[in-house]
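Order-wise, the sequence lines are chains W and Y. Heads up, the numbering used here is the position in the first sequence plus 408, with the first residue counted as 1. Heads up, the numbering used here is the position in the second sequence plus 15, with the first residue counted as 1.
No lab work stands behind these hints, which were simulated from the structure alone. Any given hint could turn out to be false.
Claimed, not checked - In silico lysine-lysine, BS3-like type, Cα no more than 30 angstroms apart, as pairs:
hint, chain 1, residue 1, chain 2, residue 2
1, W, LYS633, Y, LYS668
2, Y, LYS48, W, LYS633
3, Y, LYS69, W, LYS660
4, W, LYS549, W, LYS660
5, W, LYS467, W, LYS556
6, W, LYS549, W, LYS613
7, Y, LYS65, W, LYS639
8, W, LYS613, W, LYS633
9, W, LYS639, W, LYS467
10, Y, LYS668, Y, LYS225
11, W, LYS699, W, LYS613
12, Y, LYS48, W, LYS639
13, W, LYS660, Y, LYS65
14, W, LYS530, W, LYS467
15, W, LYS585, W, LYS472
16, W, LYS660, Y, LYS70
17, Y, LYS69, W, LYS639
18, W, LYS585, W, LYS613
19, W, LYS660, Y, LYS668
20, Y, LYS128, W, LYS633
21, W, LYS699, W, LYS586
22, W, LYS633, Y, LYS65
23, W, LYS660, Y, LYS108
24, W, LYS467, W, LYS478
25, W, LYS613, W, LYS530
26, Y, LYS70, W, LYS633
27, W, LYS467, W, LYS585
28, W, LYS639, Y, LYS128
Note that the structure is a prediction, hence the values are computed from the model and not measured.
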Amino acid sequence: MNSLSVLRPEHMAPIRNLTLRAKMIVEGTIAGLHKSPFHGFSSEFLEYRPYLTGEPARKIDWRKYAKSDKSFVRLYEDETNLAAHILLDKSASMGFGSASMSKFDYARTLAASFAWILIRQKDAVGLTAFDEEISWYMSPKSTNLQLKNIISYLETSTAQNQTRCGDTINSAAAMIKKRGLCIVISDFFDEPEAIATGLRHLRFKRQDILAIAVADPMELEFGGKSAFRFKDLETGREITIDSQTASEYFNKGFADHHSALSNTCRELNIDFEVVTTAEPFHKSLLKIIDKRRRLN
Amino acid sequence: MNALSFFQPAYLWALGFLSVILFLHFFRRRIIKRMDISTLRFFPTAAVNKSRVKKLVDLLLLLARLLLVAALIFIFAGPHDKDSPLVGLRDPKSVVYVWIDPTMSMEYIENGKSAGQRALNLIDSLANILPSTVDIYSFDHESGRFVSIDELTDGNEARDNFAGRFRPVDIEEAAAAFINMSALDHSAVFMILSDFQKGTTEAVNPLLSKLSDNSKNIVCISFMPSNPFNYSVRASVDPTQKDGVSAIIRAHGAPLDSAVVELFVGDLRIGQRTVSCLADDSVTVTFDMPPAAAGSWGRIILHAADPLPFDNSDYFTISGDARRSVLIIGNTERNRVIEAAMRAAGPAFWRPIVRRGGSDLSYDDLNSADLVIVNHFNGRSRILESFITGAGSDKGIIITLDPDREDDFGRIFLRSSGILRGTANVTGSEGGFHPVLADTNSALWRGFPALSSRNASVYRYINPIPGDVLVRLSNVRPMVSSVNSSGANMVIVATPIGVTQANNLCETGFYVPFIDRLGRYALSGRGQDEEAWYAGHVARNPFFGVEAGGTLFDLDGRLIASWSNQPFVRIDRPGVFALTSSLGETSHLAVSVHPSESEMIFIRPDLQDADGIYYFEYRQFLEQAGNLSNNLLAYWLWIILGLLLCLEVFLWKRSMSAVRVTS
């Protein structure tokens with residue numbers, strides 16, 4: 409058996425200790441990496457130096473170039489001291505799970521893993537949990553105690569209440585003061601326009617945003633043969649509908665919703681990634697990390 | 016459909032499958048999976064409404080499927096109208112006897128095929144439609160019996176080709192054969208396939224009640240044309256050739272516009288006329304005839320496009336060898352002198368001459384004779400009496416009275432029929448009285464050598480005889496008279512005309528012309544024109560009663576028939592034929608289409624509201640019979656099945672469209 413195969417959700421689900429889960433995932437996934445996936449976001453400017461031929465053009469400070477008509481590269485004082493915010497959706501819709509793990513369980517495991525990685529490379533990490541409003545906020549710190557507190561909170565939290573994803577991201581953005589990294593983990597079941605407003609606010613606060621949409625496999629490919637009587641986990645409303653109509657509308661609605669989100673993120677230069685609760689954690693993490701590396 | 020029944024009712028058990036379909040449908044629909052879902056935001060009101068519509072569509076789909084299965088089961092069960100006469104045909108034990116109208120009018124072409132050909136095709140269709148155990152017999156007009164259609168193999172002309180085999184309406188013969196063959200068979204069906212032209216219907220109607228009385232099922236299938244019309248031509252030839260040849264053109268059912276009529280004598284085209292004729296009217300055009308040898312032949316052709324082409328030509332012969340047959344009844348030895356006198360007077364005209372004693376007399380003998388002379392015949396003969404009283408106007412009859420015999424047929428018959436009164440007695444004298452003619456100017460005695468003959472003497476005679484006097488005796492008593500009484504046209508002679516003690520006529524020169532003139536007078540005005548030959552109709556055999564035979568050829572030299580001494584003969588096709596006798600003489604016969612065939616008068620048979628008699632139009636029969644084939648129901652059930660299939664596909668596609676959108 410591949411050593412990474414133990415990181416599949418069905419194998420991780422029995423491990424209730426989130427610390428151990430995060431440690432296994434991170435050490436199994438990140439151990440072979442030579443360079444931190446999260447760097448280059450420090451805001452402390454040191455000096456300019458002339459641009460050398462052969463360097464990536466993106467390092468050129470174009471403002472300086474516009475003023476002086478000469479190419480310079482900005483140097484920063486410290487590239488590893490990153491302030492990261494993890495925004496975790498804990499609304500009732502995240503409690504849905506047709507597989508071994510619910511979306512919330514998967515999301516908090518991912519959140520713990522990210523926190524672990526960031527703390528390990530001495531970056532500051534904070535956690536904001538939200539449903540219809542912000543229910544928990546921890547400002548970024550780079551101490552082990554911070555990691556312990558984050559994991560402790562994640563272990564005890566449950567998915568409940570309705571989603572107001574866009575508004576709460578907007579509110580969280582207002583609380584962020586410093587430039588940094590923002591990891592939003594949610595199913596984003598809110599109006600795309602509201603979500604776009606929140607994300608736009610985060611970008612305004614000079615946040616490098618990583619939006620991770622957690623989806624259940626059934627949501628990605630909804631189907632069935634019998635009629636359904638659905639109960640909304642958030643509102644408690646019930647409807648009866650045949651399987652074919654349900655498949656038609658849900659699959660199309662879900663695809664359109666994610667398409668709208670994807671377009672918004674592309675416009676705002678935000679990394680948008682969809683992960684399913686059936687995916688092994690290491691694959692999800694590597695997918696996200698690889699994408700960020702390519703972008704950087 | 017009045018009363019529904021099924022050929023295979025066992026198939027109806029399959030309707031139980033409907034409950035399986037119902038069970039599966041509702042069982043599947045009954046399962047509703049309850050599920051908590053992350054959001055209902057992707058299920059707008061339209062989705063719920065659409066789901067409700069789909070539920071309705073599913074119900075319709077269920078209904079369509081139920082009807083589809085039910086229709087299929089019904090088709091296999093074979094529903095039918097149990098009151099339909101055609102149902103009886105499907106009885107595996109039934110026997111079908113078919114009579115196809117053999118008259119020329121069945122050659123009427125409609126939609127590219129003649130009625131006769133369609134009738135033959137219908138028999139073929141019946142063989143395919145009916146169960147293989149059903150025996151089908153077709154009436155063979157030649158042999159007069161029913162023949163299994165299995166014996167009519169492919170390539171047989173009788174099966175494959177109707178054209179050119181014309182016959183008179185022989186349904187009476189066919190009905191008799193049918194009754195004989197199906198005496199104990201109640202499932203026998205007699206099928207009459209005809210266009211029901213007037214003549215045919217008149218023959219069929221009396222038979223229908225007769226067959227119905229025998230508890231037989233009769234199915235009349237009509238090939239009556241929908242819009243009948245026909246043009247015909249008929250030749251009328253003046254025997255003296257003075258007035259040329261007349262062509263009588265008739266237009267039945269539609270006007271004839273500018274058609275060309277041509278006259279041919281032999282192969283030589285003599286003349287041409289253009290004629291027009293109103294509907295149901297006739298016109299006559301006359302052609303001048305060039306001098307033509309007696310016995311030559313000609314034809315008149317009408318060039319007109321009509322559905323019945325056979326009567327567009329008519330044939331004729333130039334008369335010159337007209338002859339009359341003579342039957343002399345009575346003592347054959349005593350009457351030999353009459354035959355000798357007639358042979359002497361007109362060897363070509365009086366032939367054949369047949370003598371019969373009386374005891375061996377038959378109807379065929381009487382029918383085949385133009386002139387019948389009863390002389391020296393003693394006793395009574397029912398055949399002869401009924402013949403004389405019913406002979407009508409087309410026979411010449413001469414009856415002589417024998418004063419020496421009380422049992423003389425002539426005296427007995429004339430007394431019993433009231434023509435000869437009780438006052439008539441035997442009269443005579445030793446010296447005798449000689450015959451005196453009324454004149455030598457009348458048609459009867461024109462050109463006779465003398466008004467009287469003193470050499471001829473009549474010693475005994477019957478006096479008086481009734482009727483118009485033709486010859487008197489010198490004592491002014493009537494010797495020969497003409498009588499028309501109760502339909503009997505005859506010449507009565509008061510004394511015998513053969514070898515007799517009552518007179519010496521046969522020993523004088525008066526005798527030969529006297530017998531010849533009497534014979535011709537007896538025939539005159541009796542419709543004794545030259546006998547017409549009609550295709551398919553029997554005619555008297557010209558060789559009947561003579562020691563000779565003949566062979567019939569068509570103009571191409573093909574052998575058509577050989578005739579010996581049978582009473583009647585028939586020629587099937589119209590045309591001109593050469594008749595060569597065994598004595599080496601050759602004459603021509605012109606055979607025409609019978610005038611009744613050209614008339615487009617069709618009459619539906621009188622079904623008389625009798626049970627077991629049914630009438631169908633050709634297409635109607637095929638339609639209904641076809642519906643009975645292979646246990647399958649009428650076409651409308653197939654149409655319903657097709658519609659249901661379309662509905663099923665439509666609903667199914669509608670139901671599946673949602674899946675295709677997402678895929």
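Hint check:
{"no.": "1", "hint": "W:LYS633 with Y:LYS668", "verdict": "holds (17 angstroms)"}
{"no.": "2", "hint": "Y:LYS48 with W:LYS633", "verdict": "holds (9 angstroms)"}
{"no.": "3", "hint": "Y:LYS69 with W:LYS660", "verdict": "holds (18 angstroms)"}
{"no.": "4", "hint": "W:LYS549 with W:LYS660", "verdict": "violated (42 angstroms)"}
{"no.": "5", "hint": "W:LYS467 with W:LYS556", "verdict": "violated (37 angstroms)"}
{"no.": "6", "hint": "W:LYS549 with W:LYS613", "verdict": "holds (18 angstroms)"}
{"no.": "7", "hint": "Y:LYS65 with W:LYS639", "verdict": "holds (19 angstroms)"}
{"no.": "8", "hint": "W:LYS613 with W:LYS633", "verdict": "violated (48 angstroms)"}
{"no.": "9", "hint": "W:LYS639 with W:LYS467", "verdict": "violated (52 angstroms)"}
{"no.": "10", "hint": "Y:LYS668 with Y:LYS225", "verdict": "violated (63 angstroms)"}
{"no.": "11", "hint": "W:LYS699 with W:LYS613", "verdict": "holds (23 angstroms)"}
{"no.": "12", "hint": "Y:LYS48 with W:LYS639", "verdict": "holds (11 angstroms)"}
{"no.": "13", "hint": "W:LYS660 with Y:LYS65", "verdict": "holds (15 angstroms)"}
{"no.": "14", "hint": "W:LYS530 with W:LYS467", "verdict": "holds (25 angstroms)"}
{"no.": "15", "hint": "W:LYS585 with W:LYS472", "verdict": "holds (26 angstroms)"}
{"no.": "16", "hint": "W:LYS660 with Y:LYS70", "verdict": "holds (21 angstroms)"}
{"no.": "17", "hint": "Y:LYS69 with W:LYS639", "verdict": "holds (21 angstroms)"}
{"no.": "18", "hint": "W:LYS585 with W:LYS613", "verdict": "holds (7 angstroms)"}
{"no.": "19", "hint": "W:LYS660 with Y:LYS668", "verdict": "holds (20 angstroms)"}
{"no.": "20", "hint": "Y:LYS128 with W:LYS633", "verdict": "violated (61 angstroms)"}
{"no.": "21", "hint": "W:LYS699 with W:LYS586", "verdict": "holds (24 angstroms)"}
{"no.": "22", "hint": "W:LYS633 with Y:LYS65", "verdict": "holds (17 angstroms)"}
{"no.": "23", "hint": "W:LYS660 with Y:LYS108", "verdict": "violated (68 angstroms)"}
{"no.": "24", "hint": "W:LYS467 with W:LYS478", "verdict": "holds (13 angstroms)"}
{"no.": "25", "hint": "W:LYS613 with W:LYS530", "verdict": "holds (22 angstroms)"}
{"no.": "26", "hint": "Y:LYS70 with W:LYS633", "verdict": "holds (14 angstroms)"}
{"no.": "27", "hint": "W:LYS467 with W:LYS585", "verdict": "holds (25 angstroms)"}
{"no.": "28", "hint": "W:LYS639 with Y:LYS128", "verdict": "violated (75 angstroms)"}
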